[in-house]
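Peer 1: Protein sequences, first through last, are from chains H and C.
If you're matching positions, the first sequence starts at 1 in our numbering and goes up one per residue.
If you're matching positions, the second sequence starts at 1 in our numbering and goes up one per residue.
Since the hints were made in silico from the structure, they are not lab data.
From the three backbone atoms N, C-alpha and C, an ideal C-beta is built for every residue, glycine too.
Just so you know, not all the hints are guaranteed correct.
Mimicking DMTMM-like on lysine to aspartate or glutamate, the simulated pairs with C-alpha atoms at most 20 angstroms apart in a straight line are [what the hints assert, rightly or not]: (1) C:K74 x H:D81; (2) H:K37 x H:E106; (3) H:K11 x C:E177.
Short derived list, chain H residues pointing at chain C, Cβ under 10 angstroms [claimed, not checked]: (4) I40; (5) P44; (6) F61; (7) K75; (8) K118; (9) V147.
Here are the in silico distance ranges between beta carbons for each label pair [stated by the list, open to error]: (10) H:P195 x C:T52: 35 to 41 angstroms; (11) C:P26 x H:K132: 52 to 58 angstroms; (12) C:G206 x H:E154: 56 to 62 angstroms; (13) C:G196 x H:D81: 28 to 34 angstroms.
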Amino acid sequence: MTSLQLQNFVKHGKKIMAATTNYRSLLQVLNVPWPEKPTIFLKPTTSYITEGQAIEIPKGFSVNQEIELGVVIEKRCKDIDEREAMEHVGGYCVALDMTATCQMKEARSKGLPWLIGKGFDTACPVSRFISKDEIPDPNNLELWCCVNGKLEEEGNTKDFIFTIPYLISYISHFITLEPYDVLLTGTPGMSAVKPGDEITVFVL
Amino acid sequence: MAASRLKDFVKNGRKIYGAALNYKDPSGDTSKQIQEPVLFFKAPSDYITEGTPIEIPVGFTLVEELELGVIIGKTCKKVTESEALDYVGGYCIGLDMTAVNEMVKARSNNWPWTRCKSFDTSCPVSVFIPKEEIPDPNNVELWCTINGRLQQVGNTKDLVFSAAQLISFISQTHTLEPNDLILTGTPPTPGIVHSGDVIEGGIKEGITIKFIVN
């Protein structure tokens, strides 16, 4: 599959998988222990929006933005080893894992699923497809997120608890990853947004 | 979408919703009944059809959960209960295979349900059932056996939230699209499955499914 086809990952993708609590700095902020294994959740493909479309906050929801590096899968992978994981990556995107905080608090307090808090329409704004050539080293990538021009969070993927190859290998042992699937790799931080806000993200 | 295209819902579907805890307690006790739908995702890569066996991931303890599935036929957003069934294209019978040991961990650690509900082969389904073959989704008798022994019996009239209520609820914040599947919950009582087991089930005097556990 060429990069040209992977550019349409939003249109053709059937899965968005996301890793939670995957930056060391966030462990300290949230005061949570070092995780033994990744915690993975699903976002629906109907949560995708691209630039030019607006994020819609559902009535009664309070929403945070969470900047994340997304990995776009190119080759089907099942039960793969970490060492071969990157061969299955076709490229990247930058994403916002929009999160409804009240719904998440309720879900987490009762041990309920995260579907409502993480899966509403427009909860997964993504950038254009970014080729592997444009990000030669995804393990040392700076991410910045500004809201209304003010820097709200910054991080570097070298701060990952679980690396991209580890996440891909781990997931592939219980779920087959397919071309156009996107893996969101966690956020270095989050902040609340409200109607009228403008979110800008940078990667270097 | 025409029923002829919806028969490929497994190949084309991009979303699978499951409704948990959605059958009333047979004793009539409502003290633990959910107050609003409890919904989770399964991934489309979880689908298998008859002829493909269910695989138990290493370390997982699985139960079978036989369910009536509702397949969306028309895009819908913010629909009312009274119009919800207009958006249904058809049905299926499905097994919401669930890793109960992972579920205990998820609920006690406040983790998402993904690992317990979504893994390869965790969504075995029947063929597409045209809408006209189930004129009343609120009165469907379901059954399930494991190795020929009756494990589950139920009727969708005992759903806490009906198919129409589930569609309306989900569509308030999620656009539902053609080929989307909503598994409406499982009647008493799901059973643990082991390697070599044969699961059969379906609608009384209607469609049946048979899956082998590897």
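Peer 1: Each of the hints needs a verdict: does it hold here or not?
Peer 2: Hint-by-hint comparison with the structure:
1. C:K74 x H:D81: Judged against 20 angstroms, a Cα distance of about 41 angstroms means the pair is violated.
2. H:K37 x H:E106: Status violated; Cα separation ~23 angstroms.
3. H:K11 x C:E177: Holds, because 13 angstroms separates the two Cα atoms, which is no more than 20 angstroms.
4. I40: holds (5 angstroms)
5. P44: Where the cut-off is 10 angstroms and the nearest Cβ of chain C is about 5 angstroms from P44 of chain H, the hint holds.
6. F61: holds (8 angstroms)
7. K75: violated (14 angstroms)
8. K118: Holds: closest Cβ of chain C sits about 8 angstroms from K118 of chain H, inside 10 angstroms.
9. V147: violated (23 angstroms)
10. H:P195 x C:T52: 35 to 41 angstroms: violated (47 angstroms)
11. C:P26 x H:K132: 52 to 58 angstroms: Once the Cβ atoms are compared, 56 angstroms apart, the range 52 to 58 angstroms for K132 of chain H and P26 of chain C holds.
12. C:G206 x H:E154: 56 to 62 angstroms: holds (58 angstroms)
13. C:G196 x H:D81: 28 to 34 angstroms: With Cβ atoms ~29 angstroms apart, the hint holds.
The structure fails hints 1, 2, 7, 9 and 10 (numbered hints given earlier, in ascending order).
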